[in-house]
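First to last, the sequence lines map onto chains A and B. Using our numbering, the letters of the first sequence correspond one by one to residues 946 to 1114. Using our numbering, the letters of the second sequence correspond one by one to residues 2 to 421.
Treat the hints as calculated values from the structure; they're not laboratory data. Hints may be right or wrong, so weigh each one.
Claimed, not checked - Going by beta-carbon spacing under 8 Å, a handful of chain B positions derived as facing chain A:
#, residue
1, I54
2, W155
3, T158
4, T176
5, G181
6, Y182
7, P187
8, R191
9, M279
10, V280
11, G307
12, K328
13, K339
14, A360
For each residue, glycine too, the CB sits at the ideal point set by N, CA and C.
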Amino acid sequence: MSEKKTKRRDFLFTATTAVGAVGAAAVVWPMIDQMNPDASVKALASTEVDVSSLTPGNTLTVLWRGKPVFIRRRTQEEIDEARKVKMEDLIHPEKDEDRAKNPEWLVMLGVCTHLGCVPLNDKGDYNGWFCPCHGSHYDTSGRIRKGPAPWNMEVPKYEFVDAKTIKIG
Amino acid sequence: MSDHDYRPKSKVGQWFNDRLPLLTLANHLTDYPTPKNLNYWWTFGGILTFCLITQIVTGLTLAMHYIAHADMAFESVEHIMRDVNYGWLIRYIHANGASMFFLAVYIHIFRSLFYGSYKAPREIIWIIGIIIYLLMMAAAFMGYVLPWGQMSFWGATVITNLFSAIPLVGEGIVTWLWGGYSVDNPTLTRFFTLHYLIPFLILGLVVLHIWALHVPGNNNPVGIDIKKPSKDTVPFHPYIVIKDGFALLMFMIVFAFFVFYAPNILGHADNYIEANPMVTPAHIVPEWYLLPFYAILRSVPDKLLGVVAMLSAILILAVLPWLDTSKIRSAVFRPLYKQFYWILVADVLILGYVGAMPAEGLYLLIARVATAYYFLHFLVILPVLGFKEKTLPVPLSITEPVLGGSPNLAAARNKESKIE
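Hey, can you work out the whole structure from these sequences and the hints?
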């Protein structure tokens, strides 16, 4: 066989394999993507909550996208405690001012950032939340202070529709 | 192998076997030369095959009544327990069968560790075994989610969240696994599908496991290479079949004890409460067979490193044939390894115990020491021991020390009587 012929075969072989690989990937992707959240799951993107009955020092827990959301109406002491913390003492530094635009209201996902359990209210070493699963302590701003969780509890997108209604999502 | 010469006696048999040599295979399995000194620790392969078949048969029958839907799963399991004819029996066999399966597999694995069955030329058998073990854990975990109780739901949440520890893509992977923003109906239906699939993958791997075993043949308590067939071997049937059958009978007595007298003792009461995404149970604990790895996960204060440590603890077993540098297989002739072996057994039991306890104070300290020792055993002790250890003289054959004439007679006889 001459050298030229071998090269032609090599080209055909490579080209066929490449087209085959692209074709296989095109078929595999729908099989993988079908497992991602579907349209009906995505449609449940926002929820409105009436918070008029909530008194200071109490927490309301609502379900949003299958996850609990804590709505905490904080007392002045809790706000002061959260605001006086120094940034260098935090594992995941975030100002309380950024987490709670309206200081009286703290809205966040009630999901521990370690492995997803629901932390308990008014517990732990920092008077905030305590996760019973693997012992993470959160402060009155929902920031991680002690334990295996890497981040503060997440603040979702939310807004006050009127004085007594919060829209999450 | 000699069984290629096999020829069925009947005309029909010959006609069939010329077209599909199944009878040659059956003959190979019957005549398969087996070391004659195999003790009862060698009967767990057969017991494990029994466990797999039991899980598949009871699983198929349960699937005829179970409904994989977040709103109906919990109720359908209660329906199985109360309404379906013998549903309680089938479900209790399946649920306790998982525990029995793991009990047997742990004995099987520690048998290999003691007698060095993972060493050359049996590395592939060992690695296939580790893959089977990983698949067993995946199947058991997903099966535990199906009743959709509180432990099901929160166990699923915690375990799937392990993937969120992966940098950058972690959160995306978790959402993909869930099919939503939390563990919910899409998660349940896919877990059911995979729980149904995995046992058949295991079945295929078991065939490969046995195939790979039949190439070099069984290891044995003395751990030496033997001539096959010879004075050192007996045919698989009837000798090993009867011994395996007797051991299986004993095993089934234990199995039946759990099914009929303590069907819920290995489970958690919380799983008889329907899944509630708003409330996490006070104390989340996995099933007993995953506790040592859970303890390792919790002993590391960093999320990513905790997950890495837990996975490494399992995957380190896959490279064990290359970590153990000793040429001698059986611990019978390795006086130092034998001691470290029992320390490892104790270490794993301690990890299992602290895994069930809250991760704080003294428990956490013990978990950390035990985790460190676990890795020390595989990464330092085993490689070094192969060079440092002064091993005992190994007999030349299984028969020789018994009949006399071996220079290693005294040592072998002494050591052999100790194992039995």
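Query raised in the report: Taking the least C-beta to C-beta distance, is K328/B closer than 8 Å to chain A?
Result: At about 43 Å, which exceeds the 8 Å cut-off, the nearest Cβ of chain A leaves the hint on K328/B violated.
Query raised in the report: Does the CB of A360/B sit less than 8 Å away from some CB of chain A?
Result: 6 Å, holds
Query raised in the report: Regarding the hint that M279/B lies at the interface with chain A, is the smallest CB-CB distance below 8 Å?
Result: 5 Å, holds
Report task. Verify the interface restraint on G181/B: the C-beta must sit less than 8 Å from at least one C-beta of chain A. Result -> Cβ of G181/B sits 5 Å from chain A, so the hint holds.
Query - W155/B as chain A interface residue, shortest Cβ-Cβ below 8 Å - result: Check passed: Cβ of W155/B comes within 7 Å of chain A, closer than 8 Å.
Report task. Classify the hint on P187/B as holds or violated, based on whether any CB of chain A lies nearer than 8 Å to its CB. Result -> Hint holds; P187/B Cβ to chain A Cβ min 7 Å, cut 8 Å.
Query raised in the report: Per the CB criterion, is R191/B less than 8 Å away from chain A?
Result: OK, holds: R191/B within 8 Å of chain A, min 7 Å.
Query raised in the report: Taking the closest Cβ pair, is T158/B under 8 Å from chain A?
Result: With a closest approach of 4 Å, the T158/B hint holds.
Requested in this report: Let me know if the C-beta of G307/B comes in closer than 8 Å to any C-beta of chain A, holds or violated.
Outcome: Holds: closest Cβ of chain A sits about 7 Å from G307/B, inside 8 Å.
Query - Restraint check, 8 Å cut-off on beta carbons, for T176/B near chain A - result: Interface hint status for T176/B: holds (6 Å vs cutoff 8 Å).
Requested in this report: Answer holds if the nearest beta-carbon of chain A is closer than 8 Å to that of I54/B; otherwise answer violated.
Outcome: 30 Å, violated
Query - Given hint K339/B near chain A, where the shortest CB pair must fall under 8 Å - result: 37 Å, violated
Checked against the numbered hints above, the structure violates hints 1, 12, 13; every other hint is satisfied.
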